[in-house]
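In the order they appear, the protein sequences are chains A and B. Just so you know, the first sequence maps onto residues 1 to 72 in this note's numbering. Just so you know, the second sequence maps onto residues 1 to 460 in this note's numbering.
In short, the hints are calculated from the structure, not lab data.
Once the Cα atoms are required to be at most 30 Å apart in a straight line, the calculated DSS-like pairs of lysine-lysine come out as:
id : chain 1 : residue 1 : chain 2 : residue 2
1  : A       : LYS57     : B       : LYS228
2  : A       : LYS53     : B       : LYS244
3  : B       : LYS164    : B       : LYS106
4  : B       : LYS75     : B       : LYS307
5  : B       : LYS355    : B       : LYS388
6  : A       : LYS57     : B       : LYS139
7  : B       : LYS227    : A       : LYS57
8  : A       : LYS53     : B       : LYS227
9  : A       : LYS53     : B       : LYS139
10 : B       : LYS433    : B       : LYS459
11 : B       : LYS193    : A       : LYS53
12 : B       : LYS33     : B       : LYS106
13 : B       : LYS75     : B       : LYS33
14 : B       : LYS246    : B       : LYS106
15 : B       : LYS228    : B       : LYS244
16 : B       : LYS209    : A       : LYS53
17 : B       : LYS355    : B       : LYS459
18 : B       : LYS164    : A       : LYS53
19 : B       : LYS246    : A       : LYS57
20 : B       : LYS281    : B       : LYS449
21 : B       : LYS244    : B       : LYS164
22 : B       : LYS281    : B       : LYS433
23 : B       : LYS20     : B       : LYS288
24 : A       : LYS53     : B       : LYS228
25 : A       : LYS68     : A       : LYS57
26 : B       : LYS244    : A       : LYS57
27 : B       : LYS21     : B       : LYS288
28 : A       : LYS53     : B       : LYS246
29 : A       : LYS57     : B       : LYS106
30 : B       : LYS106    : A       : LYS53
One-letter residues, chain by chain:
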Amino acid sequence: MGKTKNLLKVATVIAIMMLLLPAQAFAYLDPGTGSYVIQLLIGAVLGGAFAIKAFWKNIRSFISGITKSKKG
Amino acid sequence: MGIETVPGSFRDPSGFLFYKKNEIFRQINLTYKENYDELMSSGLYDELVEEGLLLSHEEIADEAKKDESIYKIIKPEHLSFISFPYEWCFSQLKDAALATLEIQNKALEHGMILKDASVYNIQFRDCRPVLIDTLSFEKYIEGEPWIAYKQFCQHFLAPLALMKSVDERLSQLFRVYIDGIPLDLASRLLPRKSMLSFSIATHIHLHAKSQKKYADQSVSKKRHAMKKLAMLGLIDNLSSAVRKMKRQIKSTEWGEYYQGTNYADHSFQNKQKLVSDFLDKALNERSKIVWDLGANTGVFSKIASEKGVLTLAFDIDINAVEQNYSSNGTNTDCSVLPLLLDLTNPSPAIGWENKERESLIERGPADTVMALALIHHLAISNNVPLEKLADFFANLSDNLIIEFVPKEDSQVKRLLATREDIFTDYHREGFEKAFKKRFSIIASEPIEKTDRHLYLMTKI
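Bound conformation, chain B alone:
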């Protein structure tokens, strides 16, 4: 039937995701029939969808009859972008963990349980975490333990504890350990005082020791049943452990944003207006997604999102991502998704066959890319030739809104203060010449009272 399976959807024999005519579907195998029916008939699906905790879907009538191993084909609600935990800030991972536990509690209330607790099953939609895997539920059998307990600790609890108690940049361990942070590693990296927390001492330190002690051994499940009360106590404790985790915020942390720039209020407003005008020209009714690269705390991302398109606000600074995400709670507009990204080393493809989690570029293209106050960081700090920058942006989108920051600008002077200026073609003419190889310049305007220029370009 001309389908292409989604490479990251192969572990669970209950079904898999596939593309057909650029739309995504999920096959549910006959082996999962009983659990799927229970999810739908118990009221759990309706409640979770109603509360925005589970992605909704519709059943596709005809396809399932073509193969007897297929029970149903469903079409999940469309998500414009899939993000990964190594692109999230602390609060995003924390919210994802709490959503998983809330779903687990609701499942238990309906006689079901989460059979997996993968961080990759959670995505952000309208600022909130949502479970995207419809096949994550199975009937709860009293006495059985939570099969996904280890996975929850590796995918959520351990990385959160490390980010909170050691360094938030340790979220990057997700890039190496696709099945979450190994608990023995988390236990070694966490400070000794973490032993004083009952939850961390048991769920991570003792858990790691128990894993080592019982490696390659088996136990009789019949003799060691887990009562429902114990299960509820376990989930309650994990929830309160996650809820109690707070970032260590230094009082001056947020003070620096937009203070180190050389914008007077007037220039800043002029830039905002120009960005808005250029977005109006670049976007049309079919536009769904804008990528704002180097978005900082998302001031310009919001201009794009207010035009009704999902806007990804990428930044290299985890504090900027955190501030942007936290401000979402106070915004009525929820179309900005802040994400962590080092453009000089963007998220690679990882996992089985290097296909399980797509690279950043594979998750494109965007309808429009914004690169504001960014080019000097890439061209000068990272020595990327202008032609290569043009190639990179052309790979990401057909439309580009880019700010050229010349050597006369104080920010560039600062970058060149400690190094030799080897960038002979880094000037407006050189920039235009390099970018004209891949783009047509639709409009360019000086940003008032600065040496900078804003460009709107479309790919040739």
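With the rest of the complex left out, here is chain A:
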């Protein structure tokens, strides 16, 4: 039974990989491992900064919307 389960697992993994492969077939560029790693690191930092930036932008436009409507 254990063997069958393992076989099923392997088959499932292969099937998933097969499904994923066509999407990767278009990636004719090599992203490069080093570039990939640094991109993840920078992205993690900048993603947070981008969220804060977007948050403040929303607040600013909300406040300027209120002041404008008051003035109007």
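Given the coordinates of chain A, assemble chain B onto it according to the supplied hints.
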């Protein structure tokens, strides 16, 4: 079907460009079907074309049915000239970088992403950068990194940083490194103070170190996904890094143009009128492109472009190219494309089989070539015999508007001041004799109050 594939279009298996009866087409392979359909149906194509960021195309109905691996054949909008980044000034490369990032943002808004960020995919049309590769998009899968991040850094960020912080002439590294400037080289060449910029420190210096550390290693992509927010943050940071890059302009930089020449206002106006008259004779309704060699900041190029033809304003001085390009923003006429070119060593053919990027001459011919106040630089400063000059111009175009600058002219006197005059046949008669071997002289006029003559010639 009698096609000739474009030599530079082979890396991406999604399709390729080919010529048929002198017209250019793009084959889209069946493997790219899903992504092409998404580009067209998501609204991304319409938006990018509307905003002038992507070259438009039309689908050609019948051809695709001849081979089952072909999904579609498209005919992209025609471009009269393809230029390369080693022919661009700083602002052209910067605008190309910003256009690439803007396209990337718009793609992400439509659930797609740029799968490459090659500088060679950008061309200049009507003064503005435009993406010419329709097959650059793929569906965005959240968690996947930007596969073209390394390419963007090598093709845009590193050369821009080098041009800004070290020397603008470093754009010529593109001639050696066809896939962009290696980041370890950029990192070594950049000054230490560049580490103070978060963007340059991370995208170039740390990036180069990471490449070295992880060379020949692999990582599990499943364990390290990149959230969409991180992707947006990355693109936002690259955009602001590029936008902040400004040229180091010396206050007197532009002062010298047309001041060192020996033209009185009257002579200058007379020359402008003669050039305009000769262009009227040389150009016809089929004329599409004029090459102005030694164009300086493009004063005479504009005379040609105002007649409705794309005019390439080539100059050896990167500052002149920069000034010419920057003035485009204030012009209503956008038919001048300023480009950097050393005529004594014009852009060679580079890349795979020496065919991937064409040489300057292979990208000709022009309908008309203008060579104003140029011949003395080539014949005297560069020792090119007049017959060889005639051969060179005859290779470029059927029509030539050329100014002969004699030894009596102060500019030539200046060139001969520090060297022996070995140019015994450098006079009007010698010039005409040499050029008559390749051209018929249609018209020649003296430029008033100068020793110079302007010629209109057609190739024999």
